[in-house]
Amino acid sequence: MNESSSPFDVGSGAVKQPYKKTLTSAKENLHVEKWDVNAGDVIPGAKGWSVKKSTLHGGKQEGVDIILVDNGRLKFTVCPTRGMGVLSVTMDDVFLGWDSPVKEAVHPNLINLQSRGGLGWLEGFNEWMVRCGLESAGHPGVDKFTNNVGDEATMELTLHGKIANIPASEVEVVIDPEPPHRIRIRGRVDERMFYGPKLEMQTEISTVPGSNSFRLADVIANHSADEQEFQIIYHANFGPPLLEEASTFAGAVERVTPFNEHAAKDLAFYAEYKGPQLGFIEQVYCIRPKPDAEGRALIMLRNKARDKAVSMVFPVSELPFVTLWKNTNAVNEGYVTGLEPGTGFPNNRRIERKFGRVPKLPPGRTYSAAIDFTIHTTAGEVSQVSNRIEALQDGTHPIVDDRPEDKS
Amino acid sequence: MNESSSPFDVGSGAVKQPYKKTLTSAKENLHVEKWDVNAGDVIPGAKGWSVKKSTLHGGKQEGVDIILVDNGRLKFTVCPTRGMGVLSVTMDDVFLGWDSPVKEAVHPNLINLQSRGGLGWLEGFNEWMVRCGLESAGHPGVDKFTNNVGDEATMELTLHGKIANIPASEVEVVIDPEPPHRIRIRGRVDERMFYGPKLEMQTEISTVPGSNSFRLADVIANHSADEQEFQIIYHANFGPPLLEEASTFAGAVERVTPFNEHAAKDLAFYAEYKGPQLGFIEQVYCIRPKPDAEGRALIMLRNKARDKAVSMVFPVSELPFVTLWKNTNAVNEGYVTGLEPGTGFPNNRRIERKFGRVPKLPPGRTYSAAIDFTIHTTAGEVSQVSNRIEALQDGTHPIVDDRPEDKS
Amino acid sequence: MNESSSPFDVGSGAVKQPYKKTLTSAKENLHVEKWDVNAGDVIPGAKGWSVKKSTLHGGKQEGVDIILVDNGRLKFTVCPTRGMGVLSVTMDDVFLGWDSPVKEAVHPNLINLQSRGGLGWLEGFNEWMVRCGLESAGHPGVDKFTNNVGDEATMELTLHGKIANIPASEVEVVIDPEPPHRIRIRGRVDERMFYGPKLEMQTEISTVPGSNSFRLADVIANHSADEQEFQIIYHANFGPPLLEEASTFAGAVERVTPFNEHAAKDLAFYAEYKGPQLGFIEQVYCIRPKPDAEGRALIMLRNKARDKAVSMVFPVSELPFVTLWKNTNAVNEGYVTGLEPGTGFPNNRRIERKFGRVPKLPPGRTYSAAIDFTIHTTAGEVSQVSNRIEALQDGTHPIVDDRPEDKS
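Chains as they are written, first to last, in numbering that gives the first Met the number 0: chain R, 0 to 407; chain X, 0 to 407; chain P, 0 to 407.
In short, the hints are calculated from the structure, not lab data. All values reported here derive from a predicted model rather than from experimental measurement. You may find that some hints are simply not true.
Since the list gives no way to pick out one identical chain from another, each pair is judged satisfied if it fits inside one copy or across any two copies.
[Unchecked claim] As a list, the in silico SDA-like pairs of lysine to any residue whose alpha-carbon atoms are at most 25 angstroms apart:
| hint | residue 1 | residue 2 |
| --- | --- | --- |
| 1 | Lys353 | Ser382 |
| 2 | Lys15 | Glu260 |
| 3 | Lys353 | Gly116 |
| 4 | Lys143 | Ile280 |
| 5 | Lys406 | Glu151 |
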């Protein structure tokens, strides 16, 4: 690249064009094995940030693509091969992610979602943020569908659906031509079949150089001529340092419901975490967040000392439900909690449908969902967010259901 | 290649050898990533035709091989990785193929045939011509088999079997040394396992330079020491321009039977097509073609104006049954019809067996099946084929069953 | 490599370091496509042995790694991609292996273990030595497990488990710095998942240059914080020349039990083999070997002339059970016998558990299993081993159960 002029300049007086690099394209028959770009390559004189694409080798990760974005302060790794999931995020001494028993970024070629009674998804599960969906999300089990002769038939849904194990068909890096030169990783994942869903997810994971935040913005399109059910849950998973004994979930909440009787037992402490405990059985709480005046939910996970946290902001019109998954099992089992905004809760789709939480997309229409993530690294910042949450809650008490929903 | 002499010359007076190029060989431990040959490389001074092998990249098609044959007039693309299926054919303004909701040539690594209740095959289904078989073809569902301890057991057959999702083990290009220098793409696909079928398919898809036709000739071998059931259906699929409102199927027919009650309702119009219609449920007609004096069936799909058509000729001794699959659903759902010569109809194998339509191969024996495809691009040509069909029908009326077979 | 000095020399007076070459490493993001080393590259002036790594291409073996070890007399081929199985062994005119109906080293990407009612494993089965395990081994069928909400659930186990279809994550070649310069192929295969087993297998397959023997030594580790059931069966398979009409199994035996009624019928001849016979239904015998004073079992397969044999020695504390699998079916069906030391017999795990043959590993603990294989190529050698076996049996008669175990 000619470093003496900006790649955005397309001639005197012209509107600047964004910098674009295609990394994967089924359309263009393209797969870039290795590539990187630095700030100075794009903005003359700039420095600090970089984007680096590589292909993993060895074992179960052979051929898996990853893209490491370093905004100069915050780093995250996107995995196009695993449905544009985000493997981990780091900033200073905060790490978003967890230590899963699954150690590699497993290629979808090796995943059989139907394995172990529909739990095969768990053989690749180690991302910081993995999407559940699109045809279905949630627990495995029988649900109905329309088969190829137009009859209602049943099929065994597999845990959390397919999207996390579908390689992206189109992947590109885009840098805004104007300051603050936002860095955007874009990808398209197709969950399309004949006599089945024709869903497409366009995602953009982006960050401003030097900032402590990033944004995930997805657009799900229904390319069918008919309406189509879909589900999406953003399964964001956290281990230490944000998860530890006495770390807490915080959020303005309208209502909280235990997922099952086992969760109901510890309802009073749903927002507090325990240390690792062998044999801990997951406890799940179903939360309706209370939005601000602009309709945005605000939730946070903060460490015990309340000097490290991650906060998540998203429109409740797009993601009205949050699943709080507490799995404070022994470290080797996967000591982890999930904060999971979604279009529903992680029941099997037939149950979600019963409760009216399986949206339908009309033909040719799209559904947008975006989440802003911010990492906080001082007591002051954490306290500020805590105060915003308290202000949002505004002295009201959330409805607390002491029993789970009747799913029978 | 030395262009000053023909590669066929092996010395003065010797018999000319065909030109051969091996593209894939498990035996020779070989996979050619990229390769092409032009007429002039093989026949000094010749021009117009070419063969081009490439490997696809990006998304679900990463690592998928395709071979594009251009005979100077007619082009077709073979996909060795997907069981030597044919992705599409073009000649002038005729296109054989369809616009499936599945947009990539999906690598079999990513296909789980058992997905969605045995309908996983539909996640890769977008070929012009895809073979169904070999151990089984047809609808998913339970059938019996002999298990590894010699007991009769049951297994869930998956839609249309495995052959379309097995990469070819041996692939070569052969050019005849003598005029008209027929171009032959050969491939071997193994459907072999322990305690199961030991079937092998050798296919040759060939064309004469400059012609408007091509031939598909398969030989299925049973390498077991025991007899072996098998099934094959040539699932040839067509969208526009041959499929459109008022386009028609034509063929000399002995008998036609609706596949089910839904097809029976529109029996009178079985040979006529509708335009795209959202919610159209597939209608399937089971046809016994009436052969000519040499035992050859002749069927055709022709557009509304009857100036574009494809015709198929094949021995009824090899392929006695034709399935006519009408799926004139909305364009985005896959507006498509299948003309499918086969050893049977697409019922589950246990039903086909009941009706005596599951052939058995003795040990060490082979079964041959060949189809000649011709593309017609003028009203005159189409009319000529129509007349041949009429002559074959010879004033006789086909038996028309107003009820489907009793499959109970 | 500088051939003038030994790579073991790390300086005057220093302890010699082993020669090491990493071929695959998920940790180091490494996959070596092609590599070889000869004796003289490692030991100045040495010759005769070599190690050669290559990657297979074509058909179902595309991308499969193999490592060929030639100790100067005996050769074996390890397949890291297929769970570090051993494809075949040759020495002089002895061949360990068999002619399976499956002709390629099939990539696990193409294997669906759940295919054909849980018999998908058979679509890749052609190794000389394939491991069955680790979460489960043996026949497919329903067994219980603990699911992700802590409930006891059931799942369909698939034939012989997953380990043979998991690519090794770490593979290296190690040569001892001191004579006799043992050649070691090491690999690590992870069978790890969330809400499931966290098992790891470290294997070393090694041989001394010029020798007629090699050793397989595995260490299975439980990385869970909880105890974990596991199973392993070393499924070593033999066709001609060791298997032929009137070839025999020999071994010091404490007890032999037919696997089922069909095997019971021919109990008296359990140690003798028939020639290939179409329609032969497998007969399986469950053997408790009688160990020597050091606790080691000794078993052998010897040809009819008793001038060719393979013997296997292993501690019964590690591998207390031997399955003798006789499958003397027609050659094209797979004429083969298995001598299979293991932690149990090949019943479904729920039956093995009932008989107390499913060991559990405490958290953080390992289980070791090693087998020494020796190839014998003269009547004298075979007779010597036969005599050792007779001496071990020491005039005692094994317990012979005329009925199978009650598995109901």
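Do the hints match the structure? See the list:
1. For a Cα distance limit of 25 angstroms, the shortest separation of Lys353 from Ser382 qualifies neither inside one copy, at 40 angstroms, nor across copies, at 57 angstroms.
2. Proximity of Lys15 and Glu260 under a CA criterion of 25 angstroms is satisfied in neither setting, with 58 angstroms inside one chain copy and 62 angstroms between copies.
3. In this assembly of identical chains, Lys353 and Gly116 lie within 25 angstroms of each other by CA distance both inside one copy and across copies; the values are 23 angstroms within and 22 angstroms between.
4. In the homo-oligomer, the alpha carbons of Lys143 and Ile280 lie at most 25 angstroms apart only across protomers (18 angstroms), although the nearest pairing inside one protomer, at 29 angstroms, exceeds that limit.
5. In this homomeric assembly, Lys406 and Glu151 come within 25 angstroms of each other (Cα to Cα) both inside a single copy, at 22 angstroms, and across copies, at 20 angstroms.
In this structure, the earlier hints numbered 1 and 2 are contradicted, and the remaining ones agree with it.
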